[in-house]
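S.K.: So the sequence lines, in the order shown, correspond to chains P and Y.
The first sequence begins at 1 in our numbering and counts up one residue at a time.
The second sequence begins at 541 in our numbering and counts up one residue at a time.
FYI, nobody ran anything at the bench for these hints, they're computed from the structure.
Note that beta-carbon positions come from the ideal geometry of N, C-alpha and C, so glycine has one too.
Watch out, some of these pointers could steer you wrong.
As the list claims (entries may be wrong) - Pairs of lysine to any residue, SDA-like flavour, derived with a Cα cap of 25 Å:
id, chain 1, residue 1, chain 2, residue 2
1, P, Lys131, Y, Trp742
2, P, Lys243, Y, Glu557
3, P, Lys347, Y, Lys759
4, P, Lys243, Y, Gly760
5, Y, Lys632, Y, Ala710
6, Y, Lys723, P, Glu250
Claimed, not checked - FRET-style restraints, in silico, Cβ to Cβ:
id, chain 1, residue 1, chain 2, residue 2, range
7, P, Asp134, Y, Ala710, 42 to 50 Å
8, P, Arg144, Y, Ile640, 20 to 28 Å
9, P, Leu159, Y, Met682, 47 to 55 Å
10, Y, Val693, P, Asn399, 42 to 50 Å
11, Y, Leu558, P, Leu130, 53 to 61 Å
12, P, Arg510, Y, Met616, 54 to 62 Å
13, P, Asn129, Y, Val693, 43 to 51 Å
14, P, Trp158, Y, Val693, 56 to 64 Å
15, Y, Ile640, P, Asp134, 31 to 39 Å
16, Y, Gly561, P, Pro98, 29 to 37 Å
17, Y, Ile618, P, Asn129, 36 to 44 Å
As the list claims (entries may be wrong) - To give an idea of the interface, some chain Y residues facing chain P are shown, with a C-beta separation under 7 Å as derived from the structure:
id, residue
18, Gly613
19, Ala734
20, Gly760
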Amino acid sequence: MKLENVTAEVRPRGRWESIDFGCALVRESYGMIVKTLLMTIVPLWLVLWLVLGEISFALVFLAYWLTLPFVGRVVLYVLSRKLFGEEVRVWEVLKQWPKMLVRRFFHAILFGRFLPSRSLALPVSELENLKGKDYSARVSLLDRNGGDGAAQTAMIGWLLICIAGVGLLILLNLLMPFSIEIISFEDDAFWGDETGALIGKWTVALYAFGALLIEPFCVGAGFAMYVNSRTITEGWDIELAFKRMSSRLERRQSPVLQLPKQKSTLSDTKSLLVPFLLLAASFLMTSSPMASAENAETTERLEKSSQQLESLALSVDGTKQPMTESQKLAREVYSGEEFQVHAEMVKERAPRETSSSWSWGGFDDFGGMAILKAIFGVAVYVAIGAFVLFVVFLLVKNNYLFQRRTKQSSQNLKKKRVESVMGMNVTSESLPDDIVKAALEAWSQGEAKLALSLLYRGAISWCADHTSVEFANSDTEQDCMRKLESLEEFHQQNYFNELTMLWMSLAYGRQIPEDVSLRQLCSTWPFSNKDKREEGGASL
Amino acid sequence: MARVSNQPKIDTLQSVELSEGVEIQLRIAGVFARSLAYLLDLVFIIIAASVLGFIVGVMDSFVGSNYAMGLYGLLMFILTWGYFFLMESGKKGATFGKRIVGLRVVNTSGGIAQRGQVFTRNLFRFVELVIMPLIGLCCTMMTKRFQRAGDLVAGTVVVYAETDVQPSVALNSGREPRPPGWKLLREEQAAIVAFRERGGLWSGARQAELASHAQVLVKGESSEAVTELVGMAEWLTAKKD
Numbered sequence: 001m002k003l004e005n006v007t008a009e010v011r012p013r014g015r016w017e018s019i020d021f022g023c024a025l026v027r028e029s030y031g032m033i034v035k036t037l038l039m040t041i042v043p044l045w046l047v048l049w050l051v052l053g054e055i056s057f058a059l060v061f062l063a064y065w066l067t068l069p070f071v072g073r074v075v076l077y078v079l080s081r082k083l084f085g086e087e088v089r090v091w092e093v094l095k096q097w098p099k100m101l102v103r104r105f106f107h108a109i110l111f112g113r114f115l116p117s118r119s120l121a122l123p124v125s126e127l128e129n130l131k132g133k134d135y136s137a138r139v140s141l142l143d144r145n146g147g148d149g150a151a152q153t154a155m156i157g158w159l160l161i162c163i164a165g166v167g168l169l170i171l172l173n174l175l176m177p178f179s180i181e182i183i184s185f186e187d188d189a190f191w192g193d194e195t196g197a198l199i200g201k202w203t204v205a206l207y208a209f210g211a212l213l214i215e216p217f218c219v220g221a222g223f224a225m226y227v228n229s230r231t232i233t234e235g236w237d238i239e240l241a242f243k244r245m246s247s248r249l250e251r252r253q254s255p256v257l258q259l260p261k262q263k264s265t266l267s268d269t270k271s272l273l274v275p276f277l278l279l280a281a282s283f284l285m286t287s288s289p290m291a292s293a294e295n296a297e298t299t300e301r302l303e304k305s306s307q308q309l310e311s312l313a314l315s316v317d318g319t320k321q322p323m324t325e326s327q328k329l330a331r332e333v334y335s336g337e338e339f340q341v342h343a344e345m346v347k348e349r350a351p352r353e354t355s356s357s358w359s360w361g362g363f364d365d366f367g368g369m370a371i372l373k374a375i376f377g378v379a380v381y382v383a384i385g386a387f388v389l390f391v392v393f394l395l396v397k398n399n400y401l402f403q404r405r406t407k408q409s410s411q412n413l414k415k416k417r418v419e420s421v422m423g424m425n426v427t428s429e430s431l432p433d434d435i436v437k438a439a440l441e442a443w444s445q446g447e448a449k450l451a452l453s454l455l456y457r458g459a460i461s462w463c464a465d466h467t468s469v470e471f472a473n474s475d476t477e478q479d480c481m482r483k484l485e486s487l488e489e490f491h492q493q494n495y496f497n498e499l500t501m502l503w504m505s506l507a508y509g510r511q512i513p514e515d516v517s518l519r520q521l522c523s524t525w526p527f528s529n530k531d532k533r534e535e536g537g538a539s540l
Numbered sequence: 541m542a543r544v545s546n547q548p549k550i551d552t553l554q555s556v557e558l559s560e561g562v563e564i565q566l567r568i569a570g571v572f573a574r575s576l577a578y579l580l581d582l583v584f585i586i587i588a589a590s591v592l593g594f595i596v597g598v599m600d601s602f603v604g605s606n607y608a609m610g611l612y613g614l615l616m617f618i619l620t621w622g623y624f625f626l627m628e629s630g631k632k633g634a635t636f637g638k639r640i641v642g643l644r645v646v647n648t649s650g651g652i653a654q655r656g657q658v659f660t661r662n663l664f665r666f667v668e669l670v671i672m673p674l675i676g677l678c679c680t681m682m683t684k685r686f687q688r689a690g691d692l693v694a695g696t697v698v699v700y701a702e703t704d705v706q707p708s709v710a711l712n713s714g715r716e717p718r719p720p721g722w723k724l725l726r727e728e729q730a731a732i733v734a735f736r737e738r739g740g741l742w743s744g745a746r747q748a749e750l751a752s753h754a755q756v757l758v759k760g761e762s763s764e765a766v767t768e769l770v771g772m773a774e775w776l777t778a779k780k781d
């Protein structure tokens, strides 16, 4: 691990910024983290699911919760190496995995789990390998510089895990066809014996998903706070900068700014050559007096090796001539960072085009686009034609909709007339023409129930025919009464109510109505079909 | 070395180039700070809703329950939809929760977010947090500037409103300014100056250890090296004609 190769900007940060820094670290290597987690913790969790799931899913949940620090170990392994420019391979992590799992197992699942600032403490045990007193001293020191931040991260992380789990559930429900519901609380089967197990399974699965998604970020945040704390208390960033500076300057070997105090490996005359050295190798070689003997030879070779200084130096070695001071210096200078060919891919968003250039005219600039444009034009017409045909097809196929409207009168469009109420046939065919007469006949023969039922059925039948009320087969007498009450055009409400009361007390209470009241009902019978028909005819 | 130094380093600061080549850096806020701010906002909304409920409940007996319920519905609509929009398009560009955490909403070039932008990003809030929370969450965590979908559409970012000053104790050796003797990169000069600015936080041994990493520049050992470095920092920060 080379500290100089750090791939991120290390500097003292505030609490939130260091957390964000951790998130940025995780984000940059998230693919790798997910891969390693899939190879390590997911198989472990599957085994736990299969084994402990037999007993109880609460146990599985507990096991997942307790083994979360192992997720942290894997993530930290990847992150810490990534920070210092090492690319981790999956099999490396896989090789380390048994060790990560076994090493200080109880420390991980107990102390590493229940400490509020555990994400901050994780690097101490993992990267510094501290134990016992050293460990707790270190952790308490770090706690002072970001302990509350780590605790907050843990709290928000827990919330984010919940949101991620619930979010997954919502997303799955959204993506499913409408007919399938993953968990249907209205489903009777859901509230059966297996309810507890089902809820348990879903909770554990969603928790596992949320934890795999969010926990790396919590660990990353903790790691970043750890780095930040050490940066503040130990000046890590300055150490890195000094190391980088030293390695840069050592490669230069010569100060560009000549100062008397600085010791130099070169004499004054040769140091004057430095600017020339920086210009080009071939000129340097020819202008250097000491190398003049080999001028022609080297120039040739230079051309051959496409003027690469490295090969030139090799060829000088090959002639077994001692390298001159200037050649050595040239080699050193040319091996410096400034003379390496750096390739840098810069991705730039193309300038946003104005809306006018999106018009089809824009295609004219390209040669082959004319054909494409023609094809597209045809396709558009075909599509429009197909659409029109489709609409026509729909119209023809569903023409009954229009036929009905035009041919049939509005009365026939009315909802299907009710045929029976409370099991009584109320069709007009089943009733005698003169209901009052038939009822009085039945009454005089002592069949009170028949008489009243005739009247009641007649009333219902009339209402179904002549008012806008819609009775259903399942309606009770009370329902019919209420439905009629809500009608404004129904003026025979009092009569109907009285009839209903008499009918109900006979049917359910076996109370035979008095002679007077029945005869009164018959004499004031308002539901005469004849009158109504005449009225209807008149109005037409 | 060359490979590493040419890669852009991972950082939370995002450079924005303004017109005339001016480059500024936005201090982008991440998902944890923003979640906390949102949580606080939710608490405020709940408190406000219950206060409104109480007031309307008192009014109920004066104006009748139909009017009271209508008023309550209207007020709740304004509260839930208007809170974020009105607060964020205000002068501070932040809701109460964001203010407490120290955040504000700006557009991607660091300027004040337009009213339309704020409206758009808050319209998406409903989609992201209520309908598809997973999408909003992943979007915020995975995008480079920690933008949720609403931010991406509206072209806004959430940044820290104020710089927080880090604890630092400067070293003061009283040594005369001393040129470093090498032509140093900006980053290296900054490191030397930072060594003086923050050196007081570290133990003498640690200071010496750090100074030993700069052995190319300094000749002396341990404490001498430290004072030499401090002298260079003096020289670098001193006004030159």
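S.K.: Could you run down the list of hints and mark each one as holding or not?
M.R.: Here's how the hints hold up against the structure:
For the hint linking P:Lys131 to Y:Trp742, the alpha-carbon distance of about 24 Å falls within 25 Å, and the restraint holds. For the hint pairing P:Lys243 with Y:Glu557, the CA-to-CA distance comes to about 31 Å; that exceeds 25 Å, so the pair is violated. Of the pairs offered as hints, the one joining P:Lys347 and Y:Lys759 is violated, with about 45 Å between alpha carbons and a cut-off of 25 Å exceeded. Among the hinted pairs, P:Lys243 with Y:Gly760 is consistent with the structure: their alpha-carbon atoms are about 17 Å apart, no more than 25 Å.
Among the hinted pairs, Y:Lys632 with Y:Ala710 is inconsistent with the structure: their alpha-carbon atoms are about 34 Å apart, more than 25 Å. Restraint check for Y:Lys723 and P:Glu250: satisfied, since their Cα atoms lie roughly 13 Å apart, inside the 25 Å limit. Restraint check, P:Asp134 to Y:Ala710: a C-beta distance of roughly 31 Å breaks the suggested window 42 to 50 Å. Between P:Arg144 and Y:Ile640 the C-beta distance comes to about 23 Å, which sits within the given range of 20 to 28 Å.
Our hint of 47 to 55 Å for P:Leu159 and Y:Met682 is violated, since their Cβ atoms are close to 18 Å apart. Restraint check, Y:Val693 to P:Asn399: a C-beta distance of roughly 46 Å satisfies the suggested window 42 to 50 Å. For the hinted restraint 53 to 61 Å between Y:Leu558 and P:Leu130, the CB-CB distance of approximately 47 Å leaves it violated. Range check, P:Arg510 to Y:Met616: about 57 Å between beta-carbon atoms, so the 54 to 62 Å window is met.
The supplied range of 43 to 51 Å is met by P:Asn129 and Y:Val693, whose beta-carbon atoms lie about 47 Å from each other. Between P:Trp158 and Y:Val693 the CB atoms are about 29 Å apart, so this pair departs from the stated range of 56 to 64 Å. In this structure the supplied range 31 to 39 Å holds for Y:Ile640 paired with P:Asp134, their Cβ-Cβ distance being about 37 Å. At about 55 Å, the CB distance of Y:Gly561 to P:Pro98 disagrees with the hint of 29 to 37 Å.
Range check, Y:Ile618 to P:Asn129: Cβ separation about 58 Å, and the 36 to 44 Å hint is violated. The closest approach between the C-beta of Y:Gly613 and any C-beta of chain P is roughly 26 Å, which is over the 7 Å cut-off, so the hint fails. Annotation: Y:Ala734 was flagged as interfacial toward chain P, and the flag holds, the nearest CB pair being 6 Å apart, inside 7 Å. Taken as an interface hint, Y:Gly760 does not check out: its beta carbon lies about 12 Å from the nearest beta carbon of chain P, beyond 7 Å.
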